[in-house]
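**Q** The residues making up each chain are set out below.
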Amino acid sequence: MFDLEEKISAWRKQMLAAGIKFPVPLEELENHLREDIEQQIQSGLNPQQAFEIAVQKIGHADTLKKEFKKTRETKGAQRTAGRTIRRLGGFGLIVVIYLNVAAVVIFPKSSAFYFSKQWWSDWFPAYSVWIVFMIVGIVRSITDFFANCKSRSNETKE
Amino acid sequence: MIRKELVAASAEPLILSLLAKGESYGYAIIQEIKARSDGKLNWTDGMLYPVLHRMENRGLIKSCWAESEIGRKRKYYSLKKDGKTAMQKHHEQWSLVHAVLSGLKKEQYV
Numbered sequence: 096m097f098d099l100e101e102k103i104s105a106w107r108k109q110m111l112a113a114g115i116k117f118p119v120p121l122e123e124l125e126n127h128l129r130e131d132i133e134q135q136i137q138s139g140l141n142p143q144q145a146f147e148i149a150v151q152k153i154g155h156a157d158t159l160k161k162e163f164k165k166t167r168e169t170k171g172a173q174r175t176a177g178r179t180i181r182r183l184g185g186f187g188l189i190v191v192i193y194l195n196v197a198a199v200v201i202f203p204k205s206s207a208f209y210f211s212k213q214w215w216s217d218w219f220p221a222y223s224v225w226i227v228f229m230i231v232g233i234v235r236s237i238t239d240f241f242a243n244c245k246s247r248s249n250e251t252k253e
Numbered sequence: 114m115i116r117k118e119l120v121a122a123s124a125e126p127l128i129l130s131l132l133a134k135g136e137s138y139g140y141a142i143i144q145e146i147k148a149r150s151d152g153k154l155n156w157t158d159g160m161l162y163p164v165l166h167r168m169e170n171r172g173l174i175k176s177c178w179a180e181s182e183i184g185r186k187r188k189y190y191s192l193k194k195d196g197k198t199a200m201q202k203h204h205e206q207w208s209l210v211h212a213v214l215s216g217l218k219k220e221q222y223v
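Order-wise, the sequence lines are chains A and B. If you use the working numbering, the first sequence closes out at 253, no skipped numbers anywhere. If you use the working numbering, the second sequence closes out at 223, no skipped numbers anywhere.
So here's chain A without its partners, still in its complex pose (with noise of 0.2 angstroms):
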């Protein structure tokens, strides 16, 4: 009797011996494979046949890894603007932090020893500014992400 939960399964497992582990592409793979079984299915195959077409179509589990491989190397180029300014404030911060310390410890009574009333003027606009970008930067990538998922279209609806 063919099991097709136990055929996927036997599938995910050699994908994942292949070398695809990621969660994502397997998971989205996997997805994919199940709505393509499901519609040949509807088409008139059998359950067996349906799914020996559809992991004809995914193809080999060695090509699609060579392919995710390149993937993984070109993910450094990815730099959304909402980790760029994140980025940016947390440098900005760990300067501001490091010169701070070291004024305070070359200068043990000036105005950077933190917390003092000049501390407040001399200093504290400068952290302020980089922990500004660092919130503009949080609430960017917060944004993107709830973005992406906005206003679902009609092709949802089957």
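I should point out that these hints are in silico values taken from the structure, not numbers from a laboratory. As the structure is a prediction and not an experimental result, all values here were calculated from the model. Using N, Cα and C, we set each Cβ at its ideal position, and we do this for glycine too. Hints are supplied without guarantee of correctness; some may be wrong.
[Said to hold, decoys possible] A short list of chain B residues far from chain A (calculated; beta carbon distances all over 10 angstroms): (1) E118; (2) L119; (3) V120; (4) S123; (5) D151; (6) R185; (7) K202; (8) H203; (9) E205; (10) S208; (11) K219; (12) E220.
[Said to hold, decoys possible] Below, computed lysine-lysine pairings styled on BS3-like, alpha-carbon distance capped at 27 angstroms: (13) A:K116 with B:K186; (14) A:K116 with B:K218; (15) A:K165 with B:K147; (16) B:K219 with A:K102; (17) B:K219 with B:K202; (18) B:K218 with B:K153; (19) A:K165 with B:K193; (20) B:K219 with A:K164; (21) A:K165 with B:K188; (22) B:K219 with B:K194; (23) B:K186 with A:K161; (24) B:K197 with A:K165; (25) B:K186 with A:K160; (26) A:K165 with A:K116; (27) A:K102 with A:K116; (28) B:K219 with B:K153; (29) B:K117 with B:K134; (30) A:K164 with B:K188; (31) A:K116 with A:K152; (32) B:K117 with A:K161; (33) B:K188 with A:K161.
Since the structure of chain A is already known, use the hints to place chain B on it.
**A** This is chain B only, laid out in the frame that chain A set:
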């Protein structure tokens, strides 16, 4: 059947142009391209995903997991601003190739 080199080269402009109409997911993208080309542009299904992921890494498209009305989880892709620019460039370049090819073809029959 169209040569695999041409299939590979045309994947990005086709995906971008298709997503310009609205967001979509892997299976639907393949089905639509197949239908529009009368089955002549036949992608290996699994190979679409590395292409989509690379385009996403390059900031041309963005993706989001969502559930369809029948409860199926799908990863939807949509066009980003840079993707629109890239699409326009592709259109210009492919139009140029098409114009040159058409001109040469016409001259053969003069």
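**Q** Now, for every hint given, state plainly whether the structure supports it.
**A** Against the structure, the hints come out as follows:
| no. | hint | verdict |
| --- | --- | --- |
| 1 | E118 | 15 angstroms, holds |
| 2 | L119 | 18 angstroms, holds |
| 3 | V120 | 13 angstroms, holds |
| 4 | S123 | 17 angstroms, holds |
| 5 | D151 | 18 angstroms, holds |
| 6 | R185 | 7 angstroms, violated |
| 7 | K202 | 18 angstroms, holds |
| 8 | H203 | 18 angstroms, holds |
| 9 | E205 | 23 angstroms, holds |
| 10 | S208 | 27 angstroms, holds |
| 11 | K219 | 39 angstroms, holds |
| 12 | E220 | 40 angstroms, holds |
| 13 | A:K116 with B:K186 | 19 angstroms, holds |
| 14 | A:K116 with B:K218 | 49 angstroms, violated |
| 15 | A:K165 with B:K147 | 25 angstroms, holds |
| 16 | B:K219 with A:K102 | 54 angstroms, violated |
| 17 | B:K219 with B:K202 | 26 angstroms, holds |
| 18 | B:K218 with B:K153 | 22 angstroms, holds |
| 19 | A:K165 with B:K193 | 22 angstroms, holds |
| 20 | B:K219 with A:K164 | 44 angstroms, violated |
| 21 | A:K165 with B:K188 | 20 angstroms, holds |
| 22 | B:K219 with B:K194 | 37 angstroms, violated |
| 23 | B:K186 with A:K161 | 26 angstroms, holds |
| 24 | B:K197 with A:K165 | 23 angstroms, holds |
| 25 | B:K186 with A:K160 | 23 angstroms, holds |
| 26 | A:K165 with A:K116 | 14 angstroms, holds |
| 27 | A:K102 with A:K116 | 18 angstroms, holds |
| 28 | B:K219 with B:K153 | 25 angstroms, holds |
| 29 | B:K117 with B:K134 | 26 angstroms, holds |
| 30 | A:K164 with B:K188 | 20 angstroms, holds |
| 31 | A:K116 with A:K152 | 20 angstroms, holds |
| 32 | B:K117 with A:K161 | 17 angstroms, holds |
| 33 | B:K188 with A:K161 | 22 angstroms, holds |
When held up to the earlier numbered hints, the structure conflicts with 6, 14, 16, 20 and 22 and fits the remainder.
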